[in-house]
Amino acid sequence: MGSLRVSADRESCVTSSLCVYRLPQVFDQDAEGRVLVVDEQPPDGLLRELQRARRGCPTRSIRLEGPGVEPDEAGEATP
Amino acid sequence: MSASSPIGYPLPWAPAPDIPESWAALGERPLQEITLPSGDPALLVTRYKDVRRLFADERLSRNTFGRASRVSASNDLFGDPNIDNDPPRYLTERSVVMRAFSARRIEALREVVKVIVEELLDAMEAGPQPAELMEAFAYPLPILVICHMLGVPPQDRPKFRRLIDGFLSVSALPEDEVEECRKQYWEYLAELIDAKRAEPGDDLISDLIEISREDPSKLTAYQLQHWVKTLLIAGYVTTASQLGTGMAVLLHRPEVAAELKADLSLVPSAVEELLRYQMMGTSLGTLRYAVEDIELLDGSTVIPKGSTVLLSQESNMDPAEFDDPLKLDIHRTDNHHLTFGAGIHFCAGAALARMELQEATEGLLRRFPGLRLAVPGEELKRPVGGFLAGYTEIPVSW
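Chains as they are written, first to last, in my numbering: chain A, 515 to 593; chain B, 65 to 462.
This is chain A alone, in the form it adopts within the complex (with noise of 0.2 Å):
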């Protein structure tokens, strides 16, 4: 078990599917799609991959904690 966090915003999804292609240890989706966190507290080594995972997420729903996580970046919209 790692010490990162990793949470996601079902209301603010909307499918691209994209965290559940790159990360589908991590990340799946309900019967409407919407994404599931499967494994909240992931290996650490997963770091870089769950970071590449929020930004490419097209609302922002994705939440990183723990040691190493970098801020998202800056001048982009949270929704």
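Where hints are given, some of them may not hold.
To be verified - With the Cβ distance kept under 10 Å, some of the chain A side facing chain B (calculated, not the full set):
(1) S526
(2) C527
(3) P538
(4) T573
(5) P581
As the list claims (entries may be wrong) - Pairwise CB distance ranges, derived in the manner of DEER restraints:
(6) A:P585 to B:S364: 22 to 30 Å
(7) A:G580 to B:R221: 24 to 32 Å
(8) A:R524 to B:K247: 51 to 59 Å
(9) A:P585 to B:E175: 37 to 45 Å
(10) B:A259 to A:G580: 36 to 44 Å
(11) B:K391 to A:L550: 37 to 45 Å
(12) B:A80 to A:S521: 41 to 49 Å
(13) B:D220 to A:P585: 46 to 54 Å
Hints in this document: simulated from the structure, not taken from any laboratory. Ideal placement from N, C-alpha and C gives every residue a C-beta, glycine not left out.
Dock chain B against chain A, hints included.
Below, chain B alone, put in the same frame as chain A:
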């Protein structure tokens, strides 16, 4: 606002499947005044970070009907006073539709797409060379896939294709003919939905009818018909155009094509790069309307309230976001291009389009390792007066 004198939009294309230097130079100003094909004015947002941010900004309304500039003088395209594309109404409708586009549903469809790809390639292989890639492959594939998904009877496909092509005219057809296509298409959809109501199948239209029947507050009958209209159009022309354009761009660079043919595991990143590099050969995109003044990231440029705004696809050429942006690099990683948009209007069919483009590209290159353009790239013809650019014909040999 600081913007220069207006320029015509879409920008002129390069003669070959290349990116004109002028596109990259656009970013020198964050906001550029443009003139749409209708003659109406609009403002083009040019920089990646502004575009990324504004896609998610609710001060830009998608409800442009009757108040914003028009793309076309003879065709109101998607303008519909009965449809509001802004939240919260839009989000409810969209969430109903999106269940059909989850990764699991799209992956289940991948096997169907593989079979369609092989059948089309069989027919291409059996026919004469050079073959015409648009007619033989790029148009039929997405039509067959979206018709499968929505449950459109095979015998209706030529008809709905003719009507959509007319509907999507920006200046190719006179106003009365566009209107006639729009009317016939709307009537055709009403008949199709009635037939599905009488005899439901295992398809998206039947699913949407069921949801609409159970809870009309989620999806009225009119909204149902509107979504079917939109999904059929969006599932067909955009993917066809992107598939053709992507192959033209790739085959115009034989050394890059050879690299991809030698390592088909690069197909997914190549598809992303082709999407970034020349999205559908570029199109007019979706207009937005500023309901308030909006300041850009430079802190001094403001989009005035009441402006019609276009978030440029050329922002995929922003050197602040992409290294060497005018280079087609099929190895590019972290390719967060904005071709499918962002925010709540992020393309509903993006995962479907990606999957189709991947299967189509891999199928073509695997079956025809010698695939090449049968004419010089400079001689490929662009369509005139349509909503999308792309190429009218792409002759290929193998």
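So, going through the hints one by one against the coordinates:
no., hint, result
1, S526, "8 Å, holds"
2, C527, "9 Å, holds"
3, P538, "8 Å, holds"
4, T573, "6 Å, holds"
5, P581, "22 Å, violated"
6, A:P585 to B:S364: 22 to 30 Å, "25 Å, holds"
7, A:G580 to B:R221: 24 to 32 Å, "52 Å, violated"
8, A:R524 to B:K247: 51 to 59 Å, "40 Å, violated"
9, A:P585 to B:E175: 37 to 45 Å, "42 Å, holds"
10, B:A259 to A:G580: 36 to 44 Å, "54 Å, violated"
11, B:K391 to A:L550: 37 to 45 Å, "38 Å, holds"
12, B:A80 to A:S521: 41 to 49 Å, "47 Å, holds"
13, B:D220 to A:P585: 46 to 54 Å, "52 Å, holds"
The earlier numbered hints that this structure contradicts are 5, 7, 8 and 10.
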